[in-house]
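**Q** On the provided structure of chain A, position chain B as indicated by the hints.
Top line first, the protein sequences correspond to chains A and B. Taking my numbering, I'd label the letters of the first sequence as residues 1 to 195. Taking my numbering, I'd label the letters of the second sequence as residues 1 to 195.
Since the hints were derived computationally from the structure, they do not count as laboratory data. Here the structure is a predicted model, which means the values were calculated and not measured. Some clues are possibly wrong.
Note: identical chains are not told apart, hence a pair may lie in one copy or across any two.
[To be verified] Listed next, the in silico SDA-like pairs over lysine to any residue satisfying Cα-Cα at most 20 Å (straight line):
no., residue 1, residue 2
1, K59, Q172
2, K53, A27
3, K42, R146
4, K5, R179
5, K5, R23
6, K53, G30
7, K42, A81
8, K59, F124
9, K53, R12
There are 2 protein chains.
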Amino acid sequence: MATTKGAATSARLVESMLELIQRNGYAGTGLNTVTEHAGAPKGSLYFHFPEGKEALGEKAVELAAARFGSLVGDSVLEGAAPGQVVRGVLDVLAGILTDSDFQLGCPVSVVTLEMGAQSERLRFACANAFESWIAPVTDLLVARGRPESTARARATAVVSMVEGAVIVSRAQRSTEPLRFAADALALLLDQEAAS
Amino acid sequence: MATTKGAATSARLVESMLELIQRNGYAGTGLNTVTEHAGAPKGSLYFHFPEGKEALGEKAVELAAARFGSLVGDSVLEGAAPGQVVRGVLDVLAGILTDSDFQLGCPVSVVTLEMGAQSERLRFACANAFESWIAPVTDLLVARGRPESTARARATAVVSMVEGAVIVSRAQRSTEPLRFAADALALLLDQEAAS
Chain A
1 MATTKGAATS ARLVESMLEL IQRNGYAGTG LNTVTEHAGA PKGSLYFHFP EGKEALGEKA
61 VELAAARFGS LVGDSVLEGA APGQVVRGVL DVLAGILTDS DFQLGCPVSV VTLEMGAQSE
121 RLRFACANAF ESWIAPVTDL LVARGRPEST ARARATAVVS MVEGAVIVSR AQRSTEPLRF
181 AADALALLLD QEAAS
Chain B
1 MATTKGAATS ARLVESMLEL IQRNGYAGTG LNTVTEHAGA PKGSLYFHFP EGKEALGEKA
61 VELAAARFGS LVGDSVLEGA APGQVVRGVL DVLAGILTDS DFQLGCPVSV VTLEMGAQSE
121 RLRFACANAF ESWIAPVTDL LVARGRPEST ARARATAVVS MVEGAVIVSR AQRSTEPLRF
181 AADALALLLD QEAAS
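Bound conformation, chain A alone:
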């Protein structure tokens, strides 16, 4: 029971860290704010994360990787054409941006940009997160008959476009860049599939 409760507190702390990073970045997220946001008792953060902020940030990046990865995975399972899959993912992201009044960005991007020069541990977690999104898109393109090497190159470009479109959309407070990204990627991926 205690362990269950402890696990629940730990999960809430990671959830809060993730949401606060999406909103304000990593450096701008204080651990007291995380504890309050999670409604967790003071001291519980260092009990569950004795290594502190870097360890909690790593868990938040891993959670973001798993969440977005399952979104990509679910979209792929529908067996749609690559362009449709990408459009479906971008539609979900557009919903997240509008529902949050354009206050939430990608936690992996912001942690990469803030901490890439300071924490090899966080940089590595971010590289793994990107890889966990590139891999299923690569598999999708290979399943559609693309050679592995070009499939991986295109999948990396897809993830890059999606990451950038979220940022431009947030800056412009408009989902238009996400739609433009979907149109461009659908054209790129489905044209090639057809060729």
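**A** Same frame as chain A, but now just chain B:
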């Protein structure tokens, strides 16, 4: 003479703020660090930027917008095909990443992600920066015969892909994502130009 010296100090402070934001983000950049990095006298920051960090950050974003804008403008002036122009820009960015041992990211992306929810002034500066890069690419595509509306949509997708590719490259400590972005954009833009 005093004003010239003052202008030089002010410019050094903006330069240092820009470089430190590229390296560690906005929240992670302290004003004392900026003053030291600029080799400026203590107190000079509040003398030149009485409004403080937000005003200095705005100037840094504007400087980044002008720098990258002139890089895009110079590439466009060469009159190359859109795909070649984009490849040229991405080659320069790859050089910046490798020369900095992958320590420098895009200051506009990181300020958008960290401060978009907190500072309308900085969010607006970032939106203007993206617009200042989207506009010349739109003009380039229009000059190549694309209708204004689709040219703007593609130009926005190009800027999104470039922003995202810089982030994925930094996370992976590899310029491969930048090359993959150049390949994908060249295919997208030049295929369309040909069609």
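**Q** For K42 and R146, with the copy left unspecified, which applies at a CA distance of at most 20 Å: within, between, both, or neither?
**A** Answer is neither: 53 Å inside a copy and 59 Å across each miss the 20 Å cutoff.
**Q** 20 Å Cα cut-off: does K42 pair with A81 within a copy, between copies, both or neither?
**A** Classified as neither; 49 Å inside a copy, 59 Å across copies.
**Q** Please work out whether the CA atoms of K53 and R12 approach to 20 Å or closer within one copy, between two copies, in both situations, or in neither?
**A** within (15 Å within a copy, 33 Å between copies)
**Q** If the cut is 20 Å between Cα atoms, do K59 and Q172 qualify within a copy, between copies, both or neither?
**A** between (30 Å within a copy, 19 Å between copies)
**Q** At most 20 Å between C-alpha atoms: does K53 with A27 qualify within a copy, between copies, both, or neither?
**A** both (10 Å within a copy, 15 Å between copies)
**Q** Between copies, within a copy, both or neither: which fits K53 and G30 at Cα up to 20 Å?
**A** both (9 Å within a copy, 19 Å between copies)
**Q** When no copy is specified for K5 and R23, does a C-alpha distance of 20 Å or less occur within a copy, between copies, both, or neither?
**A** This pair counts as neither: shortest intra-copy Cα distance 27 Å, inter-copy 39 Å.
**Q** Cα distance capped at 20 Å. Does K59 pair with F124 within a copy, between copies, both, or neither?
**A** within (12 Å within a copy, 32 Å between copies)
**Q** Which holds for K5 with R179 at a C-alpha limit of 20 Å: within a copy, between copies, both or neither?
**A** neither (42 Å within a copy, 48 Å between copies)
Against the hints set out earlier in the document, violations occur for numbers 3, 4, 5, 7.
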